[in-house]
Structures are given as C-alpha cells and as structure tokens.
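Residue numbers (the numbering used here), protein chains in the order written: chain H, 45 to 427; chain Y, 45 to 427; chain B, 45 to 427.
Derived by calculation from the structure, the hints in this document are not laboratory data. Treat the hints with care, since some could be wrong.
Which copy is meant is left open, because identical chains are indistinguishable; a pair holds if it fits in one copy or across any two.
Stated by the list, open to error - Listed below are the simulated EDC-like cross-link pairs for lysine to aspartate or glutamate, each with C-alpha atoms no more than 16 angstroms apart in a straight line: (1) K339 with D229; (2) K167 with E342; (3) K339 with D181; (4) K239 with E214; (5) K250 with D400; (6) K167 with E426; (7) K248 with D400; (8) K167 with E282.
So the chains spell out like this:
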Amino acid sequence: MTDPLPQPPRLSDLITVPTDRRAFLAKASAFGIALPALAAGCSRTEPDARSAADKAASATGASAPHASPTHLPSNPDSRLDSSLNHVAPLSSAAPGTVPGAQATAFHRYDPALPPLSSSSTLKLHFHAREASVRISDDTVVAAWTFEGDLPGPIVHCRVGDTVEFTLTNESAVPHSMDFHAAQIDPKQAFRSVVKGASVSYTFKPKYAGAFMYHCGTAPVLMHIGSGMYGAIIVSPREPLPAAREFVLVQSEFYLSDASQGVRAFDYPKMLSTLPDFVTFNGRPNQYIKDPIRVKVGERVRFWLVNAGPTHPCNFHVVGEQFDTVYLGAPPGSAIRGVQTWDVAPGGGMCFEVLCDVPGEFPFVNHGFGHGQKGSIGILVVES
Amino acid sequence: MTDPLPQPPRLSDLITVPTDRRAFLAKASAFGIALPALAAGCSRTEPDARSAADKAASATGASAPHASPTHLPSNPDSRLDSSLNHVAPLSSAAPGTVPGAQATAFHRYDPALPPLSSSSTLKLHFHAREASVRISDDTVVAAWTFEGDLPGPIVHCRVGDTVEFTLTNESAVPHSMDFHAAQIDPKQAFRSVVKGASVSYTFKPKYAGAFMYHCGTAPVLMHIGSGMYGAIIVSPREPLPAAREFVLVQSEFYLSDASQGVRAFDYPKMLSTLPDFVTFNGRPNQYIKDPIRVKVGERVRFWLVNAGPTHPCNFHVVGEQFDTVYLGAPPGSAIRGVQTWDVAPGGGMCFEVLCDVPGEFPFVNHGFGHGQKGSIGILVVES
Amino acid sequence: MTDPLPQPPRLSDLITVPTDRRAFLAKASAFGIALPALAAGCSRTEPDARSAADKAASATGASAPHASPTHLPSNPDSRLDSSLNHVAPLSSAAPGTVPGAQATAFHRYDPALPPLSSSSTLKLHFHAREASVRISDDTVVAAWTFEGDLPGPIVHCRVGDTVEFTLTNESAVPHSMDFHAAQIDPKQAFRSVVKGASVSYTFKPKYAGAFMYHCGTAPVLMHIGSGMYGAIIVSPREPLPAAREFVLVQSEFYLSDASQGVRAFDYPKMLSTLPDFVTFNGRPNQYIKDPIRVKVGERVRFWLVNAGPTHPCNFHVVGEQFDTVYLGAPPGSAIRGVQTWDVAPGGGMCFEVLCDVPGEFPFVNHGFGHGQKGSIGILVVES
C-alpha cells in the first residue's frame, strides 16, 4: 500500500470545501444554486428529538403539521357533494416577503384524494382565470389557472360515472379543457373559448387511473407551462385494497425575473427544457415543510400525474420500495417490488407502499438534475 | 372574500398578451419560436363547418386529404411484391419556396403499413445515398438516407420470414445497416462499407414488434441524426385482431442555418440535445395538414419506432386512450387503458386505439418542450 | 426520372466531408467532440483477422482481454467471504499521461457479479473517502467515493439475507448511505455523519432486483454526481435460470477543466444536464477496449443500475434482442422480445440475452445524444 508518487489533489482541495457543514452549504449556495434539503431526515448530522419536518415548518412559519388545510368548495354553482379538493384562498391576506405581491398568501396544496360522491353524476364548473400563486416564501408566480390555483382542483370519480363539465373563460387569452379521462371528439369538446364564453361537455370515464387534465389551446406548451393542469382520479368499480390515498401532480416551472414582485412564466425558457423548479402539487418542497402523515401498517396509494410539460417523473420513496405499481388501468398489470419507476409527461400512474416501518420517508423524483429543484416531500409514518 | 391589499399583476399584464388571438400568436412568433397549431380542432375558436385539417391542407397547397400518395417500388431489382412503402419522388420537380432548392418537392410520408408479401422471403436492396428532402414548405434538409428519403422505406414481414438484405453505398462517407429485428453478428453483418461497395446478410426475425433500423457507423449519433433510420415491422405468426395499421417513426432534427437554400445536419447541435424539429415520419406536423383517416368502429394499430437519437416519445392520442399497449413482443405483455406511454430512443412499441367515437383526434408526443416542435398529427375518425 | 432544375447541394458538400474515412473522423474530432468508436465491429471497413477489441486493447496498453482483473477484498475488517467485488488499486503506481496525476492508474472495473456468500449474513464496512480515479487514458477525476472507487463495490445477497452495514466517513464533508434495497427509517439509518464518525444499520432485502445505493446527503445531486453510488444485487430465493451474470452501473460525469492534472466534479454543470461522459461502471468505453466475454449458448444476465443522476439508460444490445426484461422484482413481470428498454435514473432492472449466435455485440445506451459519450461496451460471444 506504499505509493512513491505524489498524491493527486482531492476533490475537496479543488473545490475548497470547508470542513464545517454550514459553511459548506453556504459556499454551495454561493454557486447561485438552490440547495433544497433532500430528505431532511437524511441530512441531519446531530441527534435531535424534534423532527426535521417540524423544525422546517416552524422555521418558515408554515402551519402546524396536523392543522387541517382549508377545504373550500370551489364551484358554488355546481353540486359539490364530492370530488373537488381545496382552492387557493386568494383573498386571505398575509404578509409576504415579496414587495408588491403581499396579497398572495402561501397555502399548502392538500394532497389527500377527496372522497367519492354519493352520486354517479359529477357536475363541474371550472373557470379559466389568471391568478398569482405564492409557490414559496420568496416566489409568487403570475399564472394561468383553472379555479385560481395550480394545479387545479382534484377531481375524483369512478369508472362509468358521468362527468358534466363546463369551462368558462374569464381570461383575455383563449383557453380550453382536455381531460385525458374522456373519450370524446376533441375538436368539439376541447375547443378553445374566448373571454366570457363557455364550453360544456359530458363524458363517462372508461378506464381507472390517474389522468391529467390541461388546457389544450395552442401553443399547448405555454398553456400547460403557465399553470393550466390538474388531476382527475378515476377509481375502478371494484375497490382497490383499503389505503390512504394521495394525489401528486409533478410540474415544471420556467420563470422570468420578478416584475412588481411577481415572476411570469417564460415561454422561451420552456423550450430550453431547463426548469427553475420542479414540484409536487405546484410548490417546491412543500411536503418537506409540512409532510404527508400516515400511520404504521397503512397502505399508501399515490395517484401520480406528471403534467410535465417535458421531463419524466422518476418516482421513488427513500427507505421504501413500491409494493405495487399499476402499469395498466388499476388493478391491471400490477408489478411488484420496484424501487423507482418513471411516469411520462402527460401520463399518470398509481403507486402503492406498505408502510409497515415507522419513520420519515422522503418521496422524490430521482432524476436529480431536475428533481432536486423541488420535487421532494416527506411521508411520515407514525407509530 | 375581501382583500384590502393591492392585487398583484396578472400574467397577461406581465407579458402584454393582446386580447386578439391572431395578434397574440403573432407576438408569440416574435419570440422566435415556431408555434405549431396543436390539434387544429382543439384550438379553433369559431364555429366552422370545414375541418381544420382541410383548411390547413388547402392553405398550404398540400394534396387533397383523400388523394393517394405516390407508392413507388423503391428497389426495382428486388422482388417487390410486398414490404416496401413509398420512396421520395426526387425527380418530380415542383416549385419550392427556398431559392436554390426548388428541385426538391414536398411529399407526405405515407404512414400506412404496407401489406405482407405472399412469399416468406423478402429480398431488399437498399442504397445509402445523399439526398435533399423537403420536410416542410420552408425547410429543405441535406440528408444521409436509405433510398433517398427519411425515414427510409417501411419494411413489413412476419416472425420467421427470411430477409435477404443488401446495402450498397453510393455516398462518399462509409455507411452500414443495423436492423434491430436481426439476431446476427454485428461485426460482420453491420460493418461499414465505402462508396461503391456492398454488404449483404440474411436474417429471420425472432420476435414481433416495431423495430428500428439505422446506420450504425461511428459516430452513430451523426448517422442517425442525419437521416439514416427507418422501421421494420414484424407481425406475429398468429395475426393480431383486425385493425387499420400505421407506422410512425419519431425523429429529431438538429440543423444548421440554410446554405444555398438547404440546411445541413449539425452534429454539435445534436450533442446539445435541443432539436429544431421533432417529427413523425420526418416532416413536422405533416399529419395536421393531411391527417390519417379511418372509419368509426375500426381498431387502429400504431407501430411506433422512436429513432431518437436522444429523446423519448411520450405517445398520446388526444380525446382517446390506448385500449392496448404491448410492452413485450405483440401480443405479449399487453397493458390496457393507458393515456400516455413513453417509447425509448432506439426502441419501438405497438399501440392500439378503438375508434368507437367519430372526431378529429390529435396524436402527439406529450413531452411538449420537444414534442411541440412537430411531432403532432391528427387521426380523423369518420362516421 | 429527369430533373430539369439544378440539384440542391448534398450534406457532404455542406460539411465538406472528406472521402477518406480517417480524414473524416479527424475532421469530426476537430468539432471538439469525442467520437467513440461505437461498435468497433460495426465500423471497421477493412477485413482483419484480429478482433477490433483486441486491437483497441493493445493500442491503449490495456491488459490482455483474458487476463484476470485484480480482485481485492476491500474491507479487511469485515467478513469478506462474499459479496464484494474489486477495489481500485490506488497505490499501484503506473505512468499516466496527465502530469501530476501519475499516481493514479487505470483499472478496468470488473463487471462480473460476485458469488453469493455461504452465510446468510453479510457484514459490510464501507468508508466514504476522497480519491482520484483514472477513468480513461487522459482523464483523472477527483471523486467522493465509497471504498476509493466509483462505482463503489458490488454487493450481492439474496432476498431475506441480513445485511449488517457500517459507514465510516473519512472525508471532510458529511456523507451518508442510502440502500434502495433496504426498507428502513431513512431519518435514522441514512443519516449523515461527519469526518471520523460512523453509522451502522441492518436490513433484510425484501425484493429481488438490481438496486442502487448512494450517498443521500444534501445536495444529493452533488453527492451522486461526484461518485458516491454503486449496486446491490439481490437474487431471488428461487434461483433464476443459470446464466453468466454481470453488473452495469450507468452514471454521468460533469467535470471542470483539469487542475493539477485532475478534473473536479462540477455542480453547476450537473444542473445543466449536459454531461461530459456517460459510462458503464465509471469509465467511458472501457468494455470496448476490454470486452465482456461469454461462450455461445450461454444466457447472459445484466443487472443494470442507473445511478443517473439525471438521464435514463436506454439499454440495447446491437445484433441481439432481450429474451427477457423483468419489470418487477425478478422473476416477476417478465416481458419478452424487447429491443430497447429504458431504466430510470435511481432505478434498476434485470435483462437477459440468449447468446446463441457467436460474434461481437455492442451494448449501448441508445439515447445517443448522451449515450455516445461513453456508455458503450462489447459483449463477445465466443464459439
């Protein structure tokens, strides 16, 4: 093991990594790069009785982990006995850190799958509208949205249910609605409507699955890229095994510099395919601050939609494996014992984890060149 | 719902989107970005009895949608009772819009799967040759090709058939032929040959599927990226369900600026992985102008090859779902009820849609950062 | 077939390709681009009784193809009756071509799957340490490693075995270990440790498969991207069909310019997602120089881990097809007759080829925009 030649330099010599972790991270930040704390639990170096998630939440003033998020019916003029998850409380003023955008409060996007309706008919009335959305403490985006938030509301129904859908456009730009769960002539149903106009259509989902919906108006890259997407979850008629069910929509953000405290979406940057953020449910790292919580012994089912517009979501749960990934419409074509599986942009898939070990399990997009920009959250399995 | 604070600006304020759609698109074009009309049917805002596809076709002088494209046997010295689709009518002069490249006419690449031969032996003689190919009204590319077009001719055979193949190189650069459907020593069979030389080999396809063929000469990125690819479709011995069958080859174009009206392929740009165009069958948006047409009630089978060289094809049909995607050699490992599935570069897959609803259904690469650059077409289901 | 109009220029006119192949390649090199000889067997243009692989090996001074690579037990303080493959012979000085980095010799990373232990308990003690690694004749990288090499040692066990693992950090930067094969609370087990500290945990792999391991310390992109990854292969309790088994770990390299003859990993470049090299087992094209050799009639099983950090591995064997790809934990969800399948970053998969034809079969990442940067090797099937 002797070595008569001079040793080559080490990586730490070349990049002058300080021995102190805090200083190292400060240096890394100086690269001009956000360094999200992947897996808060993974990177701590000191014993600490308080969970990293709790610490992060309190440090940022986020709501207490167990506080119920606001669930507002978003379509007061439709029968909202089911199927719609929360909507952005745009009017609940809260102090922000961005001058000129203080009106826009941060809220956690609730990932819980809403319960099924007691009715087999779902009446939905969505509005295409422009809205500013605070996606983190220091970033407010000016978005095109469905119902004032991104992603739009989560819709939940069953195979064979009837979905009666209306889109009203309140925005200056023409918009439309393309449900991937619908089998229908898109020339008619998914047509664009101008400001003040509406389009209505009815469909019966044929297959179970996690389906994307989005504005399909050209250029579709810009409309998806500016916030007009969401998830419709179609459960099979024969229920799947009992589980805690969550919805994750991955999407990329391509943003211009802030103007009046707000960042617009940047179409040329979308074509560069190098996003500023990649998120689950529209906010970078939101479920690090305020994790998803389940009990040990529960089966967790993630309905994952990848809104893209461009990159795959290479889904992985740190410290766990997927008991089941359904490649076909659930329960079809189940594969077992999978560490990571990619969901194509414009696609959706259903993943299950058996949570028989307590702990804090980060769920990530393991394609870290993009995934590290915010598509990281924590699943807390409580004993 | 009151909001005492000043409202933040909207996205349309920040990017100054005109309210008029035409002006908006003009502005978007001014970004220096092509804005292909995704799903002509989806984006129209006026009622119009004439189909968008018809309009687009007539506006560009394309042939009438129902006119038969030219099907020429490309290898007069081989037994061409089957298996070879059209070839570029290079000599049929037509006025072009690019000065100096007028000799090169646009032709639609016929996506129909050619019928099987009555013989179980297929004799193919391909020529590697340089050719200019008009891929759109305003773009002619100087390509390396098989048989003068890109993609090269579609080959169709069955599992266990005998393919007797010869490549003759008519180009200054060494070329070769790699059939993914062949199980054979590539060192011998796929070797490069210089100008004037030929290489011959025989193979019997072992598995059914949509297989890529391509020039494998180093650097292979350059040879694939410059046009030397195509599809060989291997049908199983036991026929699949009756269907209208089409072949789509996705490929990326990385081009230099025009010289003498012609754009060369650009190798350093290939390594940037940001293509200028992404196409089905070598022409951006050709099946928007001149759609694929079937009848209601028909099963449509897409044999999709992704020639790459780099990006996946996230295949999706707007307004439909895939009844079946065959993950293994058809009919193996069929999954059902799929919205979007990605085909790897260098891979191929078989997709089926049950067209039980009439309408105009765009088929797309749903990874829109790349897909919007031309891998969009329309499937018209006529009642 | 007459053409009255002037012919457009050909691609070779536009890029001035010399007719001589050697001159052409020299010109291509002048683009500033590495041109790895894809499929040495594919690109030769002269008959030659000596194999291209042999030629390449002797030309570079690599060891004779059949010479046994050095297998050193890497953890003298653990029970090394199994499961650990070779380690870099850092101290075996050999002249290099890079001034100041001569102490670092090139060695081929042995891809053979190590045999299973006779014991059902595996005791592993890994050390996180900085090391320089020669990945090619002219490139030495300053890496963060497990056990002084990249990838780290191959671990091999069975479903239900017990893995007793300890990581000791000898590096100035905090590090950790995340085994994708472990079902365990990552907050505890995968926590970071500072220099001189250790972390230990025990796990029993639940599923068979090719699993990634890696440092999970934030920013994880930097730790994976700097060399801290490897493969743990978990065989099923019921043996799979007899086969020659190999392990391939694909990874990307993002490097700064050389300093003192050594190139550091470059974090901002990692975020650009345009790698300098993409490799199997950490050295570009190493198995072109010194192929993997099997006998005709053997089944070959590749356990492929894609360490990423970002791009998929679109795995393909030139001249062959995959008899089997296991989408689920082997032997689960086997698909048959596949030309190319993509493995997600952070994922792993098991591929089988029936080598019933002798020859030289390149195995590649067919996404050539990235794959051509070094993830190419040759499987020699000897008669």
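ask   = Given identical chains, is K250 near D400, meaning Cα to Cα at most 16 angstroms, within a copy, between copies, both, or neither?
value = between (34 angstroms within a copy, 12 angstroms between copies)
Quick one: K167 to E426, C-alpha cut-off 16 angstroms, is that within a copy, between copies, both, or neither?
This pair counts as neither: shortest intra-copy Cα distance 37 angstroms, inter-copy 30 angstroms.
Requested in this report: If the cutoff is 16 angstroms on CA atoms, where do K167 and E282 land: within, between, both or neither? Let me know, please.
Outcome: neither (23 angstroms within a copy, 46 angstroms between copies)
_If the cut is 16 angstroms between Cα atoms, do K339 and D181 qualify within a copy, between copies, both or neither?_
Cα proximity of K339 and D181: none, with 29 angstroms in one copy and 54 angstroms across.
### Message
Treating 16 angstroms as the Cα threshold, decide for K167 and E342: within, between, both or neither.
### Response
For K167 and E342, the Cα distance exceeds 16 angstroms both inside one copy (32 angstroms) and across copies (32 angstroms).
Classify it for me, K239 with E214: is the Cα-Cα distance of at most 16 angstroms met within a copy, between copies, both or neither?
Within one copy only: 5 angstroms inside, 58 angstroms across.
Q) Is the C-alpha distance from K248 to D400 at most 16 angstroms within one copy, between copies, in both cases, or in neither? A) between (37 angstroms within a copy, 14 angstroms between copies)
* Using 16 angstroms as the alpha carbon limit, work out where K339 and D229 are close: within a copy, between copies, both or neither. => between (44 angstroms within a copy, 14 angstroms between copies)
The structure does not agree with the numbered hints 2, 3, 6, 8 stated previously, though it agrees with the rest.
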